[in-house]
Amino acid sequence: MALPVSLFQGGSKLDITDESTIDVNRENQNIEIRLLLDAIYLKYGYDFRNYAKASIKRRILHRMAMSGLQSISEMQHLSLYDLDFFKKLLLDFSINVTEMFRDPSFYYSLRREIIPVLRTYPYIKIWHAGCATGEEVYSMVILLKEEGIYDRCQIYATDFNQVVLQKAKEGIFPIENIKEYTINYQKAGGKESFSSYYTAKYDSVIINQSLKKNILFADHNLVTDGVFGEMNLILCRNVLIYFDKILQNRVIGLFYDSLCRNGFLCLGSKESLMFSEYGRCFEDIVKEEKIYRKKSKY
Amino acid sequence: MVDALKTLLRRKKYIERSLNTSLKEKRVYQAVVIGVSAGGFAALSFLLPSLPEDFSLPVIIVQHLHPASGSYIVQHLNNKCSLIVKQADEKESIKPGTVYLASPNYHLLVEEDRTFSLTVDNRVNYARPSIDVLFETAARAYGEKLIGIILTGSNNDGSKGLKRIKEGGGLAVVQDPLDAEVDSMPRAALAATAVDFILSLEQIASFLMSLSKGKSYENK
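Protein chains in written order, with this note's numbering: chain A, 115 to 412; chain B, 99 to 318.
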């Protein structure tokens, strides 16, 4: 039987100092988290076992406190037997923070460096992987429209979370963010008046219907699902930072397999292909904006 | 007048305690985390250049910045310091003798395997990066081997995190509110937890150096 060595050291079994209690608690908590994530995977098929640990632990402990639970083991039980509780937890685990034209300089580069290449194709497929509530998808659509190629584009906007996907489909955003989005839009090289893309009502704005016509919102899980089409451009920004190295590598491999020859991959500003096995399969197009291109040969 | 005298006495007491503690306790610290907001540019520009080249601990800093800020502050500090100053990259291993700053618009977290994680989660205390997020995760990763320091600032970010560091057996240090350019963040931290030391910026610098030396001394 494997018990912590410290319990039996020095001949006095009950001599547990405060400090070792802290260590034991931490160890137990980590075991409980592994069990919880295993339970979720076995029961529901959602796999969070290769998420970066510190962040998922924070989310779990936050939910535990919010629900007034005493331990993670209690959460495990609830996750198995109470579907509503599990749905809450699932929402906690998905990355729902996004904004329109986040990092305007990225969209500016996209407009200048990538669109001219896409323009040469008769039909353009774009995949927004981990689209959350859709702000970045609509930003992209606005850009494509202004560049006159939206009619030739098919956009796949995917996320594993049905709740956020539904919100993305609706395209209704809080009006309080619009001022910031407008500034971002202008910095990104916007050509029109930003307000021509939405209708404001009460405390929300709704994105124009015409922007939605070539977007397909679909349930896709980067961790467990595979290739579903051949893309000219894949955007997956600020999702990989939530994964550990093993999972990052798997997902970059999935993107590699999903890209057509010379297809483009865009990551978040703090993400990189540097440590990935697939690093050598891509070349930098705009290094500081993390825009890469699949090499035809390597 | 009386207040100033009290502070002086209090400072003296803390310095004495600080010396006693570092002599008595043979604890070896492994990391320093610093939270700083308004007034931070000047505070860090004073504190970090005073750390010597052979400073043996990693220093991990959350400085509240505008989301669109560039890396000017990193370059500026790197030019002024004998230690390497850089933005913390995701999955990067934390090395001693290096100063890491959180990137604007990302939370910075410490993993238990002593690497960094970044997230774009909601703002905490209206801030991203948030001091609480760094301190709480660092407390889990380093436990009693961690020193947390709250410097000048105009909100209450970091006070929960400093409490966690204390609960985890680590050391809690707060800049003396009278010494801070903006005192609300130090005051909030003092109200939230029983800290180990209240020190001026100058004293924090010498305190950190004594810790660093203590470590290399013990290693011999």
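Some hints here could point you the wrong way.
Label pairs and their calculated CB-CB ranges [claimed, not checked]: (1) A:Gln300 - B:Ala140: 50 to 56 Å; (2) B:Ala289 - A:Gln184: 45 to 51 Å; (3) B:Lys243 - A:Val231: 27 to 33 Å; (4) A:Gly367 - B:Ser169: 47 to 53 Å; (5) A:Met180 - B:Ser304: 56 to 62 Å; (6) A:Ile145 - B:Tyr170: 54 to 60 Å; (7) B:Ala289 - A:Ala179: 16 to 22 Å; (8) A:Lys201 - B:Ala140: 33 to 39 Å; (9) A:Glu227 - B:Glu210: 55 to 61 Å; (10) B:Ser252 - A:Arg148: 36 to 42 Å; (11) A:Cys374 - B:Asp211: 55 to 61 Å; (12) B:Glu151 - A:Ser310: 34 to 40 Å.
Straight-line distance between alpha carbons at most 25 Å, and here's what the computed DSS-like set of lysine-lysine pairs gives [claimed, not checked]: (13) B:Lys184 - A:Lys401; (14) B:Lys243 - A:Lys384; (15) A:Lys359 - B:Lys178; (16) B:Lys184 - A:Lys384.
Per the computed footprint, the stretches of chain B lying under chain A, defined by three or more beta-carbons under 8 Å from a beta-carbon of chain A, are [unchecked claim]: (17) 181 to 190; (18) 194 to 208; (19) 242 to 253; (20) 287 to 300.
Note that these hints are calculated values from the structure, not bench results.
Positions of the beta carbon are idealized from the N, C-alpha and C atoms, including for glycine.
* Cβ distance range 45 to 51 Å for Ala289 of chain B and Gln184 of chain A, holds or violated -> About 28 Å separates the Cβ atoms of Ala289 of chain B and Gln184 of chain A, which means 45 to 51 Å is violated.
* Within 55 to 61 Å or not, the Cβ separation of Glu227 of chain A and Glu210 of chain B? -> 40 Å, violated
* Range agreement (Cβ of Ser304 of chain B with Cβ of Met180 of chain A, hint 56 to 62 Å) -> Violated: the Cβ-Cβ distance is about 43 Å, outside 56 to 62 Å.
* To do: Examine the region 242 to 253 of chain B for residues whose CB is less than 8 Å from any CB of chain A, and state whether their number is three or more.
  => violated (count 1)
* Asked: Can the suggested window of 54 to 60 Å be confirmed for the beta-carbon pair Ile145 of chain A and Tyr170 of chain B?
  -> Because 44 Å falls outside the window, the suggested range is violated.
* Is it true that the CA of Lys184 of chain B sits at most 25 Å from the CA of Lys384 of chain A? -> Satisfied, since the Cα-Cα distance of roughly 13 Å is no more than 25 Å.
* Using the beta carbons of Lys201 of chain A and Ala140 of chain B, state whether their distance is inside 33 to 39 Å or not. => The hinted range 33 to 39 Å is violated for Lys201 of chain A and Ala140 of chain B, with Cβ atoms some 48 Å apart.
* Apply the coverage criterion to the region 194 to 208 of chain B and chain A: a residue qualifies when its Cβ sits closer than 8 Å to a Cβ of the chain, and three qualifying residues are needed. => holds (count 4)
* Asked: Is the Cα-Cα distance between Lys243 of chain B and Lys384 of chain A 25 Å or less?
  -> It is violated: about 28 Å lies between the C-alpha atoms, which goes past 25 Å.
* Asked: Do the Cβ positions of Glu151 of chain B and Ser310 of chain A conform to the proposed distance bound of 34 to 40 Å?
  -> 57 Å, violated
* Asked: Are 3 or more residues of the region 287 to 300 of chain B near chain A, judged by a Cβ distance of less than 8 Å?
  -> violated (count 0)
* Should the hint that Ser252 of chain B and Arg148 of chain A are 36 to 42 Å apart at their CB atoms be regarded as holding? -> Taking Cβ atoms as reference, Ser252 of chain B and Arg148 of chain A lie about 40 Å apart, which means the hint holds.
Hints 1, 2, 3, 4, 5, 6, 8, 9, 11, 12, 14, 15, 19, 20 from the earlier list are contradicted by this structure; the remaining hints agree with it.
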